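J.: Each chain, letter by letter, is given below.
Protein chains: 2
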Amino acid sequence: MTDAPKIVTAAMLVIGNEILSGRTRDANMYHLAGKLTEFGIRLREARVVPDIEETVVAAVNDLRARYDYVFTSGGIGPTHDDITADCIAKAFGVSIDIHPEARRRLEAHYEAGMLNAARLRMARIPDTATLIDNPVSAAPGFRIGNVMVMAGVPKIFEAMVASVAPTLTGGDKLLSRTVLALVPEGAVAEDLGALQKQYPDVDMGSYPAFRGGRASTAIVMRSTDRILLDAAADAMYAIFRRMGGEPFENEIV
Amino acid sequence: MTDAPKIVTAAMLVIGNEILSGRTRDANMYHLAGKLTEFGIRLREARVVPDIEETVVAAVNDLRARYDYVFTSGGIGPTHDDITADCIAKAFGVSIDIHPEARRRLEAHYEAGMLNAARLRMARIPDTATLIDNPVSAAPGFRIGNVMVMAGVPKIFEAMVASVAPTLTGGDKLLSRTVLALVPEGAVAEDLGALQKQYPDVDMGSYPAFRGGRASTAIVMRSTDRILLDAAADAMYAIFRRMGGEPFENEIV
Numbered sequence: 001m002t003d004a005p006k007i008v009t010a011a012m013l014v015i016g017n018e019i020l021s022g023r024t025r026d027a028n029m030y031h032l033a034g035k036l037t038e039f040g041i042r043l044r045e046a047r048v049v050p051d052i053e054e055t056v057v058a059a060v061n062d063l064r065a066r067y068d069y070v071f072t073s074g075g076i077g078p079t080h081d082d083i084t085a086d087c088i089a090k091a092f093g094v095s096i097d098i099h100p101e102a103r104r105r106l107e108a109h110y111e112a113g114m115l116n117a118a119r120l121r122m123a124r125i126p127d128t129a130t131l132i133d134n135p136v137s138a139a140p141g142f143r144i145g146n147v148m149v150m151a152g153v154p155k156i157f158e159a160m161v162a163s164v165a166p167t168l169t170g171g172d173k174l175l176s177r178t179v180l181a182l183v184p185e186g187a188v189a190e191d192l193g194a195l196q197k198q199y200p201d202v203d204m205g206s207y208p209a210f211r212g213g214r215a216s217t218a219i220v221m222r223s224t225d226r227i228l229l230d231a232a233a234d235a236m237y238a239i240f241r242r243m244g245g246e247p248f249e250n251e252i253v
Numbered sequence: 001m002t003d004a005p006k007i008v009t010a011a012m013l014v015i016g017n018e019i020l021s022g023r024t025r026d027a028n029m030y031h032l033a034g035k036l037t038e039f040g041i042r043l044r045e046a047r048v049v050p051d052i053e054e055t056v057v058a059a060v061n062d063l064r065a066r067y068d069y070v071f072t073s074g075g076i077g078p079t080h081d082d083i084t085a086d087c088i089a090k091a092f093g094v095s096i097d098i099h100p101e102a103r104r105r106l107e108a109h110y111e112a113g114m115l116n117a118a119r120l121r122m123a124r125i126p127d128t129a130t131l132i133d134n135p136v137s138a139a140p141g142f143r144i145g146n147v148m149v150m151a152g153v154p155k156i157f158e159a160m161v162a163s164v165a166p167t168l169t170g171g172d173k174l175l176s177r178t179v180l181a182l183v184p185e186g187a188v189a190e191d192l193g194a195l196q197k198q199y200p201d202v203d204m205g206s207y208p209a210f211r212g213g214r215a216s217t218a219i220v221m222r223s224t225d226r227i228l229l230d231a232a233a234d235a236m237y238a239i240f241r242r243m244g245g246e247p248f249e250n251e252i253v
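Residue numbers (the UniProt record's numbering), protein chains in the order written: chain P, 1 to 253; chain L, 1 to 253.
If you are wondering where the hints come from, they were derived from the structure by calculation, not from laboratory data.
Worth double-checking, as some hints may not be accurate.
Output of the computed footprint for chain L on chain P, the stretches with three or more beta carbons under 8 Å from beta carbons of chain L [claimed, not checked]:
hint, stretch
1, 35 to 47
2, 93 to 99
3, 224 to 233
Subject to a maximum C-alpha distance of 25 Å in a straight line, what follows is the list of computed DMTMM-like cross-link-like pairs (lysine to aspartate or glutamate) [claimed, not checked]:
hint, chain 1, residue 1, chain 2, residue 2
4, L, 90, L, 101
5, L, 197, P, 97
6, P, 173, L, 53
All figures in this text were calculated on a predicted structure; none of them were measured in a lab.
Ideal placement from N, C-alpha and C gives every residue a C-beta, glycine not left out.
Start from the sequences and build out the full structure, keeping to the hints where you can.
T.: This is the structure:
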């Protein structure tokens, strides 16, 4: 390759006590991670923080300065513990008020008399933010600067990721190949280390697992360069075969 | 209550490109979160970072200064991308070398001739650290200062959490009650907000979900004070009933 790859980075901020207490198993990080890889955006960090204003504000300001995009999940509902919109306004130093279009969407969604004061809180959007569509339950997310603020309920989060996807600019996609074999990683570690040195532009990760009680190893190789990637994967096949393994491939991100 | 509750805090650091790429769905955070709640330790933050030395070192030093305990997951295997032990040594400013007891455990675990140089890397332990038992595959984790360094493979991570549990000092346990009803959260949000103001020592979280296509709301209440907690939960039953719901309870952490 002659040009350095174009790298676009992102961070995720999961906001919610329920993940940290072990009540809820986060599902949004896994979903977003896969989608960003598809979009050519590299998720470089994910954080889970509780519903505490100063913590959320500090995390937002730290992450938005360091990554091209920040995606948040959680805390934009109608209850007192939904503090994300206010935290984002504070982080950006802007005011927050009822957004006319957000209100219109809520009015259209709820039956007459059901849009109470608590639900109307979901129309409070920081100044200068643009709305992110919510086809599931109307109450929008929003984008301000490089920060995308989305719901915590997985069904809604996933719909919002789809809504926001066309507005994102990805970089060069990381191509990947995953070569697996029923060989313990300690048996191939030295050869793999040498292979990594030989192909510095192919990122190689080794992931051990137990499959049917037997030690297996998945070598994930990633590069923006198809030719280098394929050459490295071929070499990995040979390494596994030398250790008596029958390598196979599993095309996953 | 006359005394302020004794609060012991923790952070988790998940180290590994595979979570951020969407290849692997992290399972360790959910496991640790539930266990720490059992132990009376409050998980206050979780972070996922890639296998990049400066990022791991910075995260370890940031978290260990801010929380009573830090638990890491991942990056202690035999391959070139397993850099956690070196990062921890760097973060603490100590040397790292083969630990005699760790080596002995590996020698006992592997058949003659199978403990190659790559596998022996797993006996490299930062100076002053103590070992964390690994009953699954011998290669130990370790504790240095307030940082517990553990494996990423869930089966091994969970065994190491069990190994380290007796050495941890918990604080006052957060008691919890979860009151649910097939009522949308927007319908109870205002009353819930007033209830939270009435019981500032009971932390109340509202978690909407869809159950069989119907909007439901779970109110999670947490407190170190059983009497306050029960009074608040009783009041929540009344709020749900006023909205036409049949509240029920689900004793989860």
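J.: Taking the hints in turn, state whether each one holds.
T.: A quick look at each hint next to the structure:
1. 35 to 47: holds (count 9)
2. 93 to 99: Since 0 is below three, the answer is violated.
3. 224 to 233: violated (count 0)
4. 90/L x 101/L: Holds: residue 90/L and residue 101/L sit about 22 Å apart, inside 25 Å.
5. 197/L x 97/P: holds, 23 Å
6. 173/P x 53/L: holds, 23 Å
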